[in-house]
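Asker: Residue numbers (numbering that gives the first Met the number 0), protein chains in the order written: chain L, 0 to 244; chain B, 0 to 287; chain H, 0 to 624.
In short, the hints are calculated from the structure, not lab data.
Be aware that one or more of the hints could be misleading.
To be verified - So the derived label-pair ranges between C-beta atoms look like this:
1) L:Ile219 with B:Gly86: 37 to 45 angstroms
2) B:Tyr76 with L:Tyr15: 23 to 31 angstroms
3) H:Ile17 with B:Leu107: 45 to 53 angstroms
4) H:Gly324 with L:Ala67: 42 to 50 angstroms
5) L:Asp23 with H:Gly217: 36 to 44 angstroms
As the list claims (entries may be wrong) - Listed next, the stretches of chain B that the computed footprint assigns to chain H, with coverage defined by at least 3 CB atoms under 8 angstroms from CB atoms of chain H:
6) 1 to 13
7) 77 to 84
8) 266 to 279
What the hints assert, rightly or not - Here are some, though not all, of the chain B residues that point toward chain H, as calculated from beta-carbon distances under 7 angstroms:
9) His88
10) Leu91
11) Thr123
12) Ser134
13) Thr156
14) Thr158
15) Ile213
16) Ala215
17) Phe222
18) Asn260
19) Pro261
Treat the numbers as computed from the prediction; the structure is a model and nothing was measured.
Every residue gets a Cβ at the ideal spot worked out from N, C-alpha and C, and that includes glycine.
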Amino acid sequence: MSVGNILEVNGVTSGYGDLTVIRDVSFTVAPASITAVLGRNGAGKTTTLNTVAGLLPIKSGSVVFDAAPITSSPAYARRRLGFGYVQENKRVFKQRSVEENLILGMYRLGLKRAEERSRIEESYERFPILGEKRKQVAGFLSGGQQQMLAIAQALLNRPKLLMLDEPSTGLAPSIVSEVMETVRSLRDDEGLAVLLIEQAVETALGVADSVVVLDVGRVIHTAPADEPGLREVIENAYMAAPADD
Amino acid sequence: MLVTLISGLATGSIYTIVAVGYNLTWLTAKVVNFAFAMFIVTGMYFTVWMYSLGFHPLAIFAVLIIVGALIALIEYYVAIRPIANRGDHAELVTTVGVTTALQGIILLFNTSEAIRVPFFAGDTLIDVFGGGRTSVASIVLIIVAVVIAIGTHLWSTRTRSGLAALAQSEDRNAALILGVRPARTAFLVFVLSGVLGFAVAPFVGPVTFAIVTIGAVLAIKGFVVLAIGGLGSQFGALIGGLLLGVIEAFVIRFADATYQNPVVYLVFILFLLLRPQGLFGANRERTV
Amino acid sequence: MTRTETAIANRRRLPGWILPAGWIVVTAFLLLAPSLGLVNASAMRQIILIALLCLIVSGLNLSFGFAGELSFAAPAMYAAGAYATGWISINLINDLAVSLVVSALVGLLLGLVSGIPGLRIGGWMLATSSFFLVLLVPDVVNMAGASLGGHTGLPGIPRPELFGIELGDLGLYAAVVVITSIWFIFYRNLALSRTGRALTVLRQSPVLASSVGISVYGLKLKAYSLAALPASIAGTLFAYLDGFIAPEFFGLNFAIAILAAAVLGGKRSIYGVFIGAAIMQLGPMRTSAFGDYAFIAYGLLLVIVGVLLPGGIAGGYHELKVRLGRRKGRETVRRESNRVARVEFPPMPGKRLTVSGISKSFGGNAALTDVSFEAKPGEVVALIGPNGSGKTTMLNIVSGFYRADSGSIVLGDDDVTGKATHRIAQMGVVRTFQTPIVPEMTVSEAVATARFGKDRASIVETMMRLPRYRQAVRRDEEKTSAVLAMTGLADVANADATSLPLGTRRVLELARAIAADPSLVLLDEIASGLDEEEITALAEVVHAIRAAGGTVLLVEHNFALVRSLADRIVVLSQGSLVAQGTPDEIASHPEVLRHYLGAPTGIDSDDTIVDEVDASEHFITGDGK
Numbered sequence: 000m001s002v003g004n005i006l007e008v009n010g011v012t013s014g015y016g017d018l019t020v021i022r023d024v025s026f027t028v029a030p031a032s033i034t035a036v037l038g039r040n041g042a043g044k045t046t047t048l049n050t051v052a053g054l055l056p057i058k059s060g061s062v063v064f065d066a067a068p069i070t071s072s073p074a075y076a077r078r079r080l081g082f083g084y085v086q087e088n089k090r091v092f093k094q095r096s097v098e099e100n101l102i103l104g105m106y107r108l109g110l111k112r113a114e115e116r117s118r119i120e121e122s123y124e125r126f127p128i129l130g131e132k133r134k135q136v137a138g139f140l141s142g143g144q145q146q147m148l149a150i151a152q153a154l155l156n157r158p159k160l161l162m163l164d165e166p167s168t169g170l171a172p173s174i175v176s177e178v179m180e181t182v183r184s185l186r187d188d189e190g191l192a193v194l195l196i197e198q199a200v201e202t203a204l205g206v207a208d209s210v211v212v213l214d215v216g217r218v219i220h221t222a223p224a225d226e227p228g229l230r231e232v233i234e235n236a237y238m239a240a241p242a243d244d
Numbered sequence: 000m001l002v003t004l005i006s007g008l009a010t011g012s013i014y015t016i017v018a019v020g021y022n023l024t025w026l027t028a029k030v031v032n033f034a035f036a037m038f039i040v041t042g043m044y045f046t047v048w049m050y051s052l053g054f055h056p057l058a059i060f061a062v063l064i065i066v067g068a069l070i071a072l073i074e075y076y077v078a079i080r081p082i083a084n085r086g087d088h089a090e091l092v093t094t095v096g097v098t099t100a101l102q103g104i105i106l107l108f109n110t111s112e113a114i115r116v117p118f119f120a121g122d123t124l125i126d127v128f129g130g131g132r133t134s135v136a137s138i139v140l141i142i143v144a145v146v147i148a149i150g151t152h153l154w155s156t157r158t159r160s161g162l163a164a165l166a167q168s169e170d171r172n173a174a175l176i177l178g179v180r181p182a183r184t185a186f187l188v189f190v191l192s193g194v195l196g197f198a199v200a201p202f203v204g205p206v207t208f209a210i211v212t213i214g215a216v217l218a219i220k221g222f223v224v225l226a227i228g229g230l231g232s233q234f235g236a237l238i239g240g241l242l243l244g245v246i247e248a249f250v251i252r253f254a255d256a257t258y259q260n261p262v263v264y265l266v267f268i269l270f271l272l273l274r275p276q277g278l279f280g281a282n283r284e285r286t287v
Numbered sequence: 000m001t002r003t004e005t006a007i008a009n010r011r012r013l014p015g016w017i018l019p020a021g022w023i024v025v026t027a028f029l030l031l032a033p034s035l036g037l038v039n040a041s042a043m044r045q046i047i048l049i050a051l052l053c054l055i056v057s058g059l060n061l062s063f064g065f066a067g068e069l070s071f072a073a074p075a076m077y078a079a080g081a082y083a084t085g086w087i088s089i090n091l092i093n094d095l096a097v098s099l100v101v102s103a104l105v106g107l108l109l110g111l112v113s114g115i116p117g118l119r120i121g122g123w124m125l126a127t128s129s130f131f132l133v134l135l136v137p138d139v140v141n142m143a144g145a146s147l148g149g150h151t152g153l154p155g156i157p158r159p160e161l162f163g164i165e166l167g168d169l170g171l172y173a174a175v176v177v178i179t180s181i182w183f184i185f186y187r188n189l190a191l192s193r194t195g196r197a198l199t200v201l202r203q204s205p206v207l208a209s210s211v212g213i214s215v216y217g218l219k220l221k222a223y224s225l226a227a228l229p230a231s232i233a234g235t236l237f238a239y240l241d242g243f244i245a246p247e248f249f250g251l252n253f254a255i256a257i258l259a260a261a262v263l264g265g266k267r268s269i270y271g272v273f274i275g276a277a278i279m280q281l282g283p284m285r286t287s288a289f290g291d292y293a294f295i296a297y298g299l300l301l302v303i304v305g306v307l308l309p310g311g312i313a314g315g316y317h318e319l320k321v322r323l324g325r326r327k328g329r330e331t332v333r334r335e336s337n338r339v340a341r342v343e344f345p346p347m348p349g350k351r352l353t354v355s356g357i358s359k360s361f362g363g364n365a366a367l368t369d370v371s372f373e374a375k376p377g378e379v380v381a382l383i384g385p386n387g388s389g390k391t392t393m394l395n396i397v398s399g400f401y402r403a404d405s406g407s408i409v410l411g412d413d414d415v416t417g418k419a420t421h422r423i424a425q426m427g428v429v430r431t432f433q434t435p436i437v438p439e440m441t442v443s444e445a446v447a448t449a450r451f452g453k454d455r456a457s458i459v460e461t462m463m464r465l466p467r468y469r470q471a472v473r474r475d476e477e478k479t480s481a482v483l484a485m486t487g488l489a490d491v492a493n494a495d496a497t498s499l500p501l502g503t504r505r506v507l508e509l510a511r512a513i514a515a516d517p518s519l520v521l522l523d524e525i526a527s528g529l530d531e532e533e534i535t536a537l538a539e540v541v542h543a544i545r546a547a548g549g550t551v552l553l554v555e556h557n558f559a560l561v562r563s564l565a566d567r568i569v570v571l572s573q574g575s576l577v578a579q580g581t582p583d584e585i586a587s588h589p590e591v592l593r594h595y596l597g598a599p600t601g602i603d604s605d606d607t608i609v610d611e612v613d614a615s616e617h618f619i620t621g622d623g624k
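One chain only, chain L, in its complex shape:
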């Protein structure tokens, strides 16, 4: 565990109620880098992110964020520490408008009105389509637009770590490119650390610096994204045949 990591997950075991989904998961995320978490459905990727976000209680292990332990810190306190979390399935508040969603992105950050206004305008610059639809109820946006809103909302606290759960799901390839471009530029221009879950392996590999592969709730491989032979390891994890006959 090198000094200066934005996020350190150490031997974390967690799950839902009595059910344990991830076991002894460890990995780190360095500043200004993109770490992809890969694995097939049910491997525990979302559970891992939810645990880091504090939505699930940790059964054992610890989480360190920006050199401070946050294992016992409640979920609602983590936003202020510098977390941004774009959950899967474009979870914006569908009954609220675009602008209201953005306002909620700055909830209780202690910003002055002028600062809030300027950050909102920033969001509209980054995603012009949101600016066009600022008064629209979020539920009526298209999937791609909702995804952009979710990302914009997460970025409003200028997070140190942005977690994205399958942001490309159900999006047209062109939109996916846009999203990944945005993520890349956030890393390059603003030094943002990104933890990215993607089922679309190629998409993830195209943008990640390092990769964590999960299977059946455990980490089976961590590597830099350009490690030779990585693709095969991943494909095996995805397409692994169950003992058939």
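Fit chains B and H to the supplied structure of chain L, relying on the hints for placement.
Answerer: Chains B and H only, in chain L's frame:
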């Protein structure tokens, strides 16, 4: 005619306030507090009592606010929070229990007879155009109801705290990760509803009577308002409540008091059958 | 109260004659007690009042405890029966039997009519409309004018006659005891029956209920109407008791007392009703000295019992027994890996599924666009695609949980497009869920629920245990044990279904599907969250379904599993059909690989403007996943 209308609007104002109380806790915690109407009734008895002791109106309001917050707090911790995620309509039973218990507490110190509640600005009557007289208290109550309905509507749609409260009710986890505290929100709004119920009593009392049995009746009619106006809409609560009160007043005036409840029931049933989401209710998405 | 109800099912089965014998003994004892000098006139009156309260409370249990809808309407039904009896016996004919029949019909009718508007919404709206009915009693009585006596009451109800013989105090007492006894036999028969279990399913998961062919609205309406019956019958007996009735007897306070009795005894308990009613009737709350504190007591009771003891006294008792039993070391059955040597099912009536041109949008987002494919009997068709491709939406449309915007679904010779979920289930479409929905009952009972929509006995047949009912139960048992044996669940047949681990729950859902003799089996990601051994076991069962001639449509992420199971694969991406063919064809299809694993960033190989699509993949189960 006009006097009937005003009288209807005044009674309707009470129904509006009950529905607003229901909406408040529904919007923020998905809980409908059957005991809310009883908050108002209990507040009425407190008001009468404090008047008899010669309290100044401002002191009365202060006491009501404190008592209201306390009783709501107790109800929340005893009857609401422990059953929060049980899902088998447990709060239907417990909130009815709280209503009954409050009724019993009132009866410990009062008889079951109706008591007049004096209006703090005096019980003057004014002549109404077209014949008849109405009380200043009635007019004030109508204004109070409008203010409350619009005020709560504005709170939930225009303020940060209101927005956060609605958001966390829509999606708890999404709100959590943005720093909203759902548990605290639910608690605070619940206590607020207690304050509202008690504080409004000195306005409601003079228009009706302080009588224990109207707690349940108001509670039921509050639901009828929700059916008309739409669950979750404060604006709907305003329109629905006033409409209901006016319908009742005209039935009493031109037909007979016996037909009051049956007509209301019919209106209720019609809305349930023909427009279940109410006039302004959200067209809920199809969740199976 | 899951474990307790399962505990009831699991307890050592007493010899079959004990219960009826006990019933007869108690009834006979009560009947003879006055003649034996064991009860005097005032005790007789108390027993009558308790019996009447038991009748009313059992009705509340039916709608609240079993159907899950709280109704305060009992005093209104009580009043309806009492006033109907009063009017008829004064003006038309004074006969106990006639009065009972009339008030039963009046009650049922009133229940039906008042239930229809409220039950569509349920919950608070139903509770309110039922409370309202009670408010209406004095008004309706007044509107009827002198014939019902108005608010001062209706006096002069004659002593009841039965076939011309006037029943004295003793006669009425005997009638009350007998009628209550008989009703409780019916009530018990209904509670512990297929219908009772259907109500449990309905209560816990309307989604599951629809998917096994239960009409949610229909069953609720039946239970709600039926709940009026004991109350109105009690009204008849009450009218005859004092010869005088008045609106004030049927007020809101009585409604709350009934609720308190029900909640105290246990809203799903049969015998708890007696406990609750007895305590309410005899307890300190009815004495005048206590009068002032009665309300506080009722209120506190509702809150305390509602929070701490949701199953009432009866529930608490059973919970205690379960806890003690567990402490003695009886563990929940841990399922050992027991693969059945060879899984084979009797022939299944699989039908051909034809999906044509299905399109579906949510809000502005197109989840499915013009998708067509077929599945034939004896074939497994797999629906694959990345997240957001619309596969689960398709499954939901075929099973009737969503309605398509356009296109058609044909099953065999029947067009099932747009039909109600439970109707589609009754036509033999069965499904599993991404998160298994498992009701609180034993495993074999859970599997048997599959047959409820297809093999039906009426409520009357159920309550009276008539031959049609018994035959249905027998067929249930035959089918269930066969299916359990074949799926390797025989050893957990009596275990609490909710105690099973995920893999076993999936097998349970499969077993439930098979038990329904399905024409189409829809499987929703059955492999997710399972280990290899469990997946293999499941795959064998699916193979066997195919071999038996069943039609299987499988939504799955696990590509290797799909390769080994499917005869044909249909690939969806962003709502459109991208490819279909045999597993080998698909595995080497270049488009598929690209869609499945995602395009590398920066390469936009689509020249056409693809609609941004979003599919709400989260099918909302009862668990709110």
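Asker: Run every hint past the structure and note whether it holds.
Answerer: Tested hints:
1. L:Ile219 with B:Gly86: 37 to 45 angstroms: For Gly86 of chain B against Ile219 of chain L, whose Cβ atoms are near 38 angstroms apart, the range 37 to 45 angstroms holds.
2. B:Tyr76 with L:Tyr15: 23 to 31 angstroms: holds (27 angstroms)
3. H:Ile17 with B:Leu107: 45 to 53 angstroms: Given about 49 angstroms between the Cβ atoms, the range holds.
4. H:Gly324 with L:Ala67: 42 to 50 angstroms: This hint holds: roughly 48 angstroms between Cβ atoms.
5. L:Asp23 with H:Gly217: 36 to 44 angstroms: violated (51 angstroms)
6. 1 to 13: Violated - the region 1 to 13 of chain B has 0 residues with a Cβ nearer than 8 angstroms to chain H, which falls short of three.
7. 77 to 84: Answer holds; 4 residues pass the 8 angstroms Cβ test.
8. 266 to 279: holds (count 5)
9. His88: holds (6 angstroms)
10. Leu91: holds (5 angstroms)
11. Thr123: Result: violated, 33 angstroms to nearest chain H Cβ.
12. Ser134: violated (26 angstroms)
13. Thr156: violated (21 angstroms)
14. Thr158: violated (27 angstroms)
15. Ile213: violated (11 angstroms)
16. Ala215: holds (5 angstroms)
17. Phe222: The hint holds - Phe222 of chain B has a Cβ within 7 angstroms of chain H, the shortest such distance being about 4 angstroms.
18. Asn260: Since the shortest Cβ distance to chain H is 5 angstroms, the answer is holds.
19. Pro261: This hint holds: Pro261 of chain B lies near chain H, its Cβ roughly 6 angstroms from the closest one there, short of 7 angstroms.
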